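Q: What follows is each chain in one-letter form.
4 protein chains.
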Amino acid sequence: MLDVQKQSDERNIEIKKVGVKNVQYPIVVLDKKNHTQHTVANINMYADLPHNFKGTHMSRLIEVVNEYYVDISMKNFMNMLDKIRSSMKARKAYVEVSFPYFIEKEAPVSGMKSMMEYNCQYLGEVDDYKRKFYVGIKVPISTLCPCSREISDRGAHNQRGIVGVKLLFGSFFWIEDIIDLIEDSASSEVFTLLKREDEKYITERAYDRPRFVEDVVREVTQRLAQIGIFPWFSVEAENFESIHNHSAYAYVEWGNKET
Amino acid sequence: MLDVQKQSDERNIEIKKVGVKNVQYPIVVLDKKNHTQHTVANINMYADLPHNFKGTHMSRLIEVVNEYYVDISMKNFMNMLDKIRSSMKARKAYVEVSFPYFIEKEAPVSGMKSMMEYNCQYLGEVDDYKRKFYVGIKVPISTLCPCSREISDRGAHNQRGIVGVKLLFGSFFWIEDIIDLIEDSASSEVFTLLKREDEKYITERAYDRPRFVEDVVREVTQRLAQIGIFPWFSVEAENFESIHNHSAYAYVEWGNKET
Amino acid sequence: MLDVQKQSDERNIEIKKVGVKNVQYPIVVLDKKNHTQHTVANINMYADLPHNFKGTHMSRLIEVVNEYYVDISMKNFMNMLDKIRSSMKARKAYVEVSFPYFIEKEAPVSGMKSMMEYNCQYLGEVDDYKRKFYVGIKVPISTLCPCSREISDRGAHNQRGIVGVKLLFGSFFWIEDIIDLIEDSASSEVFTLLKREDEKYITERAYDRPRFVEDVVREVTQRLAQIGIFPWFSVEAENFESIHNHSAYAYVEWGNKET
Amino acid sequence: MLDVQKQSDERNIEIKKVGVKNVQYPIVVLDKKNHTQHTVANINMYADLPHNFKGTHMSRLIEVVNEYYVDISMKNFMNMLDKIRSSMKARKAYVEVSFPYFIEKEAPVSGMKSMMEYNCQYLGEVDDYKRKFYVGIKVPISTLCPCSREISDRGAHNQRGIVGVKLLFGSFFWIEDIIDLIEDSASSEVFTLLKREDEKYITERAYDRPRFVEDVVREVTQRLAQIGIFPWFSVEAENFESIHNHSAYAYVEWGNKET
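Chains as they are written, first to last, in this note's numbering: chain A, 1 to 259; chain B, 1 to 259; chain C, 1 to 259; chain D, 1 to 259.
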C-alpha cells in the first residue's frame, strides 16, 4: 500500500507544527491527598515536518497517547514528548493536555466538605536545544471592588473572577499549593457548598479585603516569585464584572523564559 | 440528473423536523429608535417529512433565507414560515433566528452613552391548525443576595446574572420595552460605560434592592402578566454566583400555550 | 441567624424550577466491561417552590450531590431525586447530569485499540404522580451523501456527524449496546486510532453505505423500536456538512411519553 | 470623590496588560463591493500600567470604543490605539477586535447567490518603538484526503476544515482577496447555497484536488509569500476529520516579525 505521506514535497516550506487536536482521552494524574486522580483530558499533539516530506503519520501520535495516558504526571509528561520525537523522527514535539482537577474543600465555618473543580494544563515543547514544560492552573475566585467600596455609602460591587497562571517548570511542586496561594490572594475564595454561617463569613471577609484585578495579579506574582522555583511565569485575572456585561482583565509576566 | 431525495422510503417513519442548522446570515430587524438595525443571525430552519419520502431539499430553505433576511421583523417573520411550507410542500415549518440586538443606554448619573448587547430570538412553528410565534430576550442584570445582606455585618455578595424570557406572541410590542421592564426588576441593571458617580449610584441602589433569583423571576412574571398581551410566557433567571463556581437558577411559566 | 429564604412571599407565583446549575463534580458510573468508570459531570438540580415561600435552600442540593456522586448508576439515579424532594420538602425534583463516557474500541482491520468519548446524560423528573428517567447518548459518526454519490462521476462528499438519542427508561440497558446500534446505522463509525489498512476499509465501507441524516434517524429509530424496552424516545442526527459551513439536521420522536 | 485607581502601589510590579475584555459592540468595517458593512464585534482593549499606580481607568477604554466603532477600517484602526495611549497616559496599547464578515458568493454552476460568513480579527499593539497591526481571517474549506483516495478502491474521505491566517500589515489589502486565495488552495471551497449541479461539480473537483492539512498550509503560504506585502504571517489549517472525532492540524510561520 502506497505511503502517500512519505512522498517528497517540492514547495520548500517547513511545517512548524503538524498533528492532532481536540483528542478526548481519560487520563490519570497525581493527587497530593489521594495519590492519583482519574480525570478526562483534551489533548493536542504536534511535531515539526521538514520541508521535503509531504505529510506526517498522525496515528503514531495517538499510539503515544495510548502508552502514556495512565500516568500523565509532571514527572512522566516530558517523556511523552521524547517518545513523539523518536516515533515521528521529528526534531520538535509539542503537547498540550488540558483537564479538570478536583480538590475537596472545607467550608470556612461549618467545615462542610465538597469538591471544587480547577482547570489545569500541561504544555511541553522539546527539541535538540531546549526542553520547556509549563503548568497552567485556573482558579475561580471572588473579588470586591476597592473603588466601589470607597465611594459608596453602603455595599460594594463584587463578582466571580478567574485567575490563570502559567508556570515554567523548574522543580516538582503540588498543584494544590499553587491553588491555595491564589485563593488566598483574592478578596475571597469560592466554594461549592456553603451554609449560612459560611456565607456571612465570606461576605464580611471579602468586604474587608477589596481587590482590583490589578491587585490580584500583583499579589499572586509577588507570592509566586517568593517560592523561587519558577524561572518564568505569567499571571492573569479576569473579573466577570457585576456592574458591566464585560470583563475587567489584567496580565503580568515575570522572570526569564530563556534561562 | 436523478433526484435521490424524491425517491420513496419504505421504513414508514415520519420525520418530525429536517432541515439546516447553524446557518450564519446578516439580517435586518426593526429598531424602536432608529427604525431598522443591521445585525447577524444564527438560523435553524426545519420542515416535516412524510414517511414515504427519502429526503428533503435543503437548499430551498436557504433560498427562503435569501428572500427574507433583509426584513426579519415580527410582522414579516411568520411569512417566512408560510413560504417554507409552500416551497417544501411540507405540513409543518419551524424557524429559529437568534441575533444580538444593540440599544444605546445612558449611565444613570453621568448620562454618558454606550451600546448594550441583548441576545434575542424569534421562534416560529406553523402547521394547518396552529401558528405559534415566540420572542426570546436575554438581559444581563446584577443581583444582590438578600440573605447575605441580612446576615452580614457589612457588605453583601452580588453578581452578574442573566434573565431570559420567552414570550408567546399575541400582538406587536417593542423588544426595548420588555428589556426596560426586566432591567427594572433586578437589583440593578448593568451598563457598558460607567463613570465613578454612576458606580456609586449603582452600588448603593443594588444594596437597597436585594433580590434572589426567585425574586427576579417573580417580579418579571408579575409585570409581564400585567401587560396582558402574552397568552403564555416563561421567565428564567441565572446568577453567576460570586461565592460559588456554579449558578443559582429559577424558572417560571405563566398562562396557556394552547389558547 | 434569620432564615430569609423561609420568609413568606405575597406575589402568589409558584416557581416551577429553582436550584443550582453548572455544578462540576467528579462522578462514578457503571461500565459494562470494567464494572465502574470515573468521569466528570456537569450537574443541574432543581425543585419546585410553592408560591408562599420566598426562597429555596440551595446548599441542600449540593449536600445531595455529595451523597450520591460516588454511584451515579441508572439504578441509583432516581433515588437522588427522591432525596431532593424529602430534603427540600418539595413536590417536584429535576436532575440533569451530563458526562463524557469512554469506551475502548478496536480498529476494524488492524485491531489496534484506543479510547472513544461519548457524551451522555441522565435526566430525571419526579413528583407524586410520575417518575420519568431519560438517558441521553451522543455518538459521533461519519455519513456519505447518497445524492452526491449518485450524481457524481467520482467520489462523494462525506463528513463527521453526530447522532443524539434521548431514551425514556423502561428497564435496565447498557449504554454500550445503544452506541453499537447507532454506530452501525451510519455510513461508518469513527475511531480515535486508525492505521492505513483501516482507513481503506472505512473509506470503501462508507462509500458502499451512503446515508442522509434522514436515513440515519430512521435507521436508528427502527432499531431502537425493535428493542422494545423504551416507552418513548427521540433521535436526532446532525451532519457537519463538508460542502457547506452549516449543518444538515433531522429529528424523530417515537412512542408515548405518558405511558 | 476619592480616585482609588490613582493611588500609589508599593509592590513594584508593572502590569503588562490591563483593561476590558469581551465587550460586545456593533461596528462598521470596509467592504470591497458595498463600501461599508455593519457587523458586530467582540473587543478586548488593554494598556500597560506602571508599577507605581494602583489601578487603571477602564471606562476610558469604552469611551475610545464609542468614538471609533463607526469606522473600524484598516486605515483607522491604529488611530484607536494611539487614542488609548494618550487617554490612558500609557506607554503601550493593545486592541483585539473580532467580527463576522459576510460576502455574497455565487454557486459554481447554477450561479445562485448566498451569503458566506468569515470570522475576522484586527489585532494591534503600539508603543514608542513599534507599531504592529495584524489581520486575522478564518475561512471554512473542504479537504479530501490524498492517502484515503490513493489506497481506496472507491471514494475518499473528505471533511469540512478551517484555515486561519494572521497577517502582519504592510500595506492596504482587501480581505476579499485573501479569502479567494485561501478558498482556491483547498480541495474545494464551501458554500451556503448549492443546487444539485453545483454539488456534482464540487464533489468531482474535490476528488481531483486531494489535500492534506500539510498541503493546504503550504499552498496558502506559497501564495501569500508571492503577494509580497506581508513582512510576516502565519497559516494554520484544521480538518474536522470525518473518520475521527478529533482534528488534524498544521501550522506554518513565514517572514520576520521584527522587520
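Note that these hints are calculated values from the structure, not bench results.
Worth double-checking, as some hints may not be accurate.
Pairs count within a copy or across copies, as identical chains cannot be separated in the list.
As the list claims (entries may be wrong) - Within a straight-line C-alpha distance of at most 35 Å, the following computed DSBU-like cross-link-like pairs (lysine-lysine) qualify:
no. : residue 1 : residue 2
1   : K54       : K33
2   : K89       : K257
3   : K200      : K75
4   : K113      : K75
5   : K200      : K132
6   : K257      : K113
7   : K92       : K32
8   : K166      : K132
9   : K166      : K16
10  : K257      : K200
11  : K257      : K92
Every value quoted in this text rests on a predicted model; they were computed, and no experiment measured them.
Q: Are the hints correct? Go through all of them and say.
A: Evaluated hints:
1. K54 x K33: neither (48 Å within a copy, 38 Å between copies)
2. K89 x K257: both (26 Å within a copy, 29 Å between copies)
3. K200 x K75: Result: close neither inside a copy nor across copies, 42 Å intra and 39 Å inter.
4. K113 x K75: both (30 Å within a copy, 26 Å between copies)
5. K200 x K132: neither (44 Å within a copy, 38 Å between copies)
6. K257 x K113: neither (39 Å within a copy, 39 Å between copies)
7. K92 x K32: Answer is within; shortest intra-copy Cα gap is 32 Å, inter-copy 40 Å.
8. K166 x K132: both (12 Å within a copy, 25 Å between copies)
9. K166 x K16: Close inside one copy (23 Å) and across copies (15 Å); limit 35 Å.
10. K257 x K200: Neither: 43 Å inside a copy, 43 Å across copies.
11. K257 x K92: Both: 18 Å inside a chain and 22 Å across chains, each within 35 Å.
When the structure is compared with the earlier hints, violations turn up for hints 1, 3, 5, 6 and 10 and for no others.
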